[in-house]
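Residue numbers (full-length UniProt numbering), protein chains in the order written: chain A, 1 to 293; chain B, 1 to 281; chain C, 1 to 229.
Watch out, some of these pointers could steer you wrong.
[To be verified] Quick list of in silico lysine-lysine cross-link-like pairs, PhoX-like style, CA-CA up to 20 Å:
1. K213(B) to K47(A)
2. K211(B) to K47(A)
3. K161(B) to K146(B)
4. K87(B) to K71(B)
5. K255(B) to K71(B)
6. K146(B) to K213(B)
Bear in mind the hints are in silico, worked out from the structure with no lab data behind them.
Owing to the predicted nature of the structure, the values given are computational and were not obtained by experimental measurement.
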Amino acid sequence: MSGARAVSVLFDAPGPRTRRRLVWINVASTVVVVGIGLWALVRLNAKGQLDADLWAPLFTANAWRNFFLPGLRQTILAAGISIITAGVLGLALGLGRLSASRTIRTVCGGVVEFFRAVPVLLMMVFFYLGLGRAHVVDPAQLPLVAVVLGLTLYNGSIFAELVRSGVHGLPRGQREAALALGLRRGQSLRLVEVPQAIIAMLPAIASQLVVILKDTALGAIITYPELLQAARRFGAGHGNILQSLVVAAVVFIVINYLLTRVADVLAGRVGRRTAGRARTEPPGLAVDAGRPG
Amino acid sequence: MRNRLLSRSITGGVAVAMLLALAACSSDDDPGNSGDTVRIGIKFDQPGLGYKDGDTYTGFDVDVATYVAGKLGYSPDQIEFVESPSKQRETMLQNDQVDMIFATYSITDERKELVSFAGPYFVAGQDLLVAADDDSITGPDTLDGKNLCSVTGSTSASRIKEEYSTGTNLLEQPGYSECVTALTSSTAGTVDAVTTDDIILAGLAALPANKGKVKVVGNVFSQENYGVGLPKGSDQCQAVTDAINEMIADGSWQKALDDNVSASGYVPNAELNPPTPAACG
Amino acid sequence: MDGDYLERYRSLFDQFDVVAAFWVNIQLTLAAGLIALVLGTALAVMRISPAPSLRWAGSTYVTLVRNTPLTVIIVFCVLGLWGQLGITFSDDFNRNFFWLAVLGLAVYHAAFVCEALRSGVNTVPVGQAEAARAIGLGFVASARLVILPQAFRGAVAPLGNVLIALVKNSTVAAAGSVAEASGLMAEMIEFRPDVILAIFFTFAFGFVLLVVPIGLATTSLSRRWTVAR
C-alpha cells in the first residue's frame, strides 16, 4: 500500500531512546482508548443497558430468521437493483458526456452535476411522497422504488463521471491506434476505450457498492424494511432498541469491510487488463471521492 | 443438453402459468364471498396493537381483525396480513391492495371522502406516557419545562405545545420505541413524557422490557375513533359492524384488550369504551 | 405554467421559512466541518506516526466509522450519548440536538478527512521527507513543517469532496431531531401537495447552489495550490 511507503520514509528507524518513548506512547494511548471504553461501559452498565436480558434476545433464532436476515435481504436487494440500474444509467450518461454532439454533452453534464449535488435522502423523500400521491406505484413496493430511484440517480451520475474519467485516463495511443485502424470515433469509443475504462472502473464500482449499501439505510426514514428498520422493529418489540441497533451496525461494518477488501483485490487484478489506471476510491462518502475529471 | 433446456423451459412455463392462475384467483375474490383469502392491513411495528414477530402477528388490532374475519367466513389461515403504514392507508384501499384495514385508523371526515369506515371498535385518545414514579405530570397542561417525545412529523406533540403548555420542549424521533428508550433511561433531563394515542402507549408499556418502568397517565385530551377502513362504497360495512357488536357482547373484545395492552395497569376511557359502532351508510 | 400555479408556489414562502431551514444545514456543515478537519488531521497524523498503537487506533477508527451508516451514528449520538450517558452540550433543549448532530457528522466525516489527507501525503515526494530527516527534524517537526503543509495542498480536491458530502449529509441530522431542510421539505409536501414538484426542485436547487460553488472553489484552489514539481 502506498500509505506504508509514506510511513516508512517519514521517520528514522527508532533508536533506543525513541523506542523507550514509543513504549510510553503505546501505553498512554492504550490507557486513553481503554479508559474511554471502560468509562462508557460503566455508565451504560449503571443504566442497565448491558443487562443480559436486553442482549440475549438478539442472539436467538427468532431475531435472525425473522428480523435481521430478512432486513439484510432487503438491504442487499435494494443495493443490488440499484447498482445495476445505476450502472446502466451511468454508462448512458457517461457516453453522453463523451458524445461528439455539444448539446448531448451539455445536457448529460447538467443532469450529472444536478444529481451529484442533491442529497440522496431528499430524493428518496420526494419519490416516496410524490409517487405515493400520484398513485403510479404499488404502495407495497413504494419504499423500495423510492430507495432504488434515489440511489440510481445519484450513483448513476457518479458512474457517469467514472466512465468519463476512465476514458480520459487512457493513454492517447489507444484512440490513435483505433483511428489508425480505420474505426470511426464512435466505434473507437465503443469498442476500444469504454471497455477498458469499465475494467479500470471495476474496483471503484466495488467501492461504490459500499456507499450504496450504506445509503440504503436512509430508506429506514421512508419505511423501507431494510436492516436498520428491521433492527428498529425488533427493538420496538423487545424494548432493546439501542442493543439491536448495535447489532445492525456491526453487520454493516463487517459487510462493508469485506467489500472494501474485495475492491482492493480487484484493483490489483484488474490493473493488468487495461491500459487505464485501476484505482479504488476511498469508499463510503456519499460523494465521488477525488475523481477530478 | 437441449432436452434438459426444453424440459426446463416447460417446467418454467408451467410454473409461470400456475403463478398467473394464482394471481388471477387472488385478485378476483371480492371480499365477502368467502373464497380464498382476505387481505387485512395492520401495523407491523406497534407492539400491543399490530406487531409482526416472524410468522406470527400479535396485538389488539390483530385480534379484532381475526375475530371480524372469522365472522365473515375466513379462518385464521385464510387471512393475509399486509403492512399498512399510516401514510399509505387510503392509497392501499383505493388501489385494492387490501380488503380492510385495522391499523389505529381514526375515523375523520377527510378520510371518509376517500374510504369507507365501519366501527368504531375502540375509542382512543391522545395521552401521555411517563416514568412509573413520576407524579408531576398529570395532563397536557403540566408539561411546561418538560421534555416531550413524539414521532417525526406527527401533529400530536405540536398540538400540546400550541394548545396546552407553550414551554414544552419537543424531541422528534423516528419511532415511539426510541422515545420510550429515552424515557426509561432514567437520566435526569432527557425525556419526561411520550405522547400519542393512549392505547398505543399502553401497548409499549405492556412490553416485558418496560414493565414497572412506565405508566399511561390516563387523562385523555382528544377523541380518536378507531374504525375499520374499507374501500369506498364497500358492501361489507354492515357485516363488519355486526361482527364488532358480537365481539363486544361475547367478551372477546375485553379479552383481546386484556391480553394485549393491560399489563401496565392501563384501563381505557370507560365512558366511551366499549363503543357502539356507528350505523353504516 | 399558469399564473395561478406561480401564485400558489409563491405563497409557500409565506407559509414556510425555507431559508431558515437551509441556514441550519449551513450551520451544521460549518461546525461539523471544522471539528472534522481537526479530528481528521489528528487521525491522519496518528496513521503516519511511528507509534504502532497510534497507527492501529487511527486505522481502526477509520475502518469502523466509515463503514457505519451515518443514520446509525446520529441515532447513537441522541439515544446513546444523550439518552443514556447524559452528555449535553447546551442548556437549550433544541440547541443540544443541533450539537449532538454536529458531533455525529464530525465523527463520521473525520474518517474521510483523514483518508483525504493521507492521499495528500502520498502526493508529497519521498525526497521531501528524506530532506527533512537529513536536516535533523524529528517526526513531529517534519510532519508539521514539511509534510502536512504540502499534504493539505495536495488534498484540496478530495477535502472539497468531503465538504460537499458533508453539506448533503447534513440532511441526515433530521434523524436526530434537528429541524433542517429535508424535514421541512417532507412537511411542505405533506401540507401542500398541490405544488409538490416545485417544492422538490426548490430544495434540490438550494443544494445545487450550496454545492457547486464549493466544487468550483476547490477545483481552482487545487490548481493554484498544486506544488510545481
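Hints and how they fare:
For a cut-off of 20 Å, the pair hint linking K213(B) to K47(A) stands: about 13 Å separates their Cα positions. Proposed proximity of K211(B) and K47(A) is supported: the alpha carbons are some 16 Å apart, at most 20 Å. Between K161(B) and K146(B), the direct Cα distance comes to roughly 11 Å. Compliance with the 20 Å bound is thereby established for this hinted pair. Restraint check: the Cα-Cα separation between K87(B) and K71(B) comes to about 29 Å, which exceeds 20 Å; the hinted pair is violated.
Taken as a hint, the K255(B) and K71(B) pair is honoured in the structure, with Cα atoms around 17 Å apart against an allowance of 20 Å. Only pairs whose Cα atoms come within 20 Å are accepted, and K146(B) paired with K213(B) is accepted, the gap being roughly 18 Å.
Hint compliance for this structure: hint 4 alone is broken.
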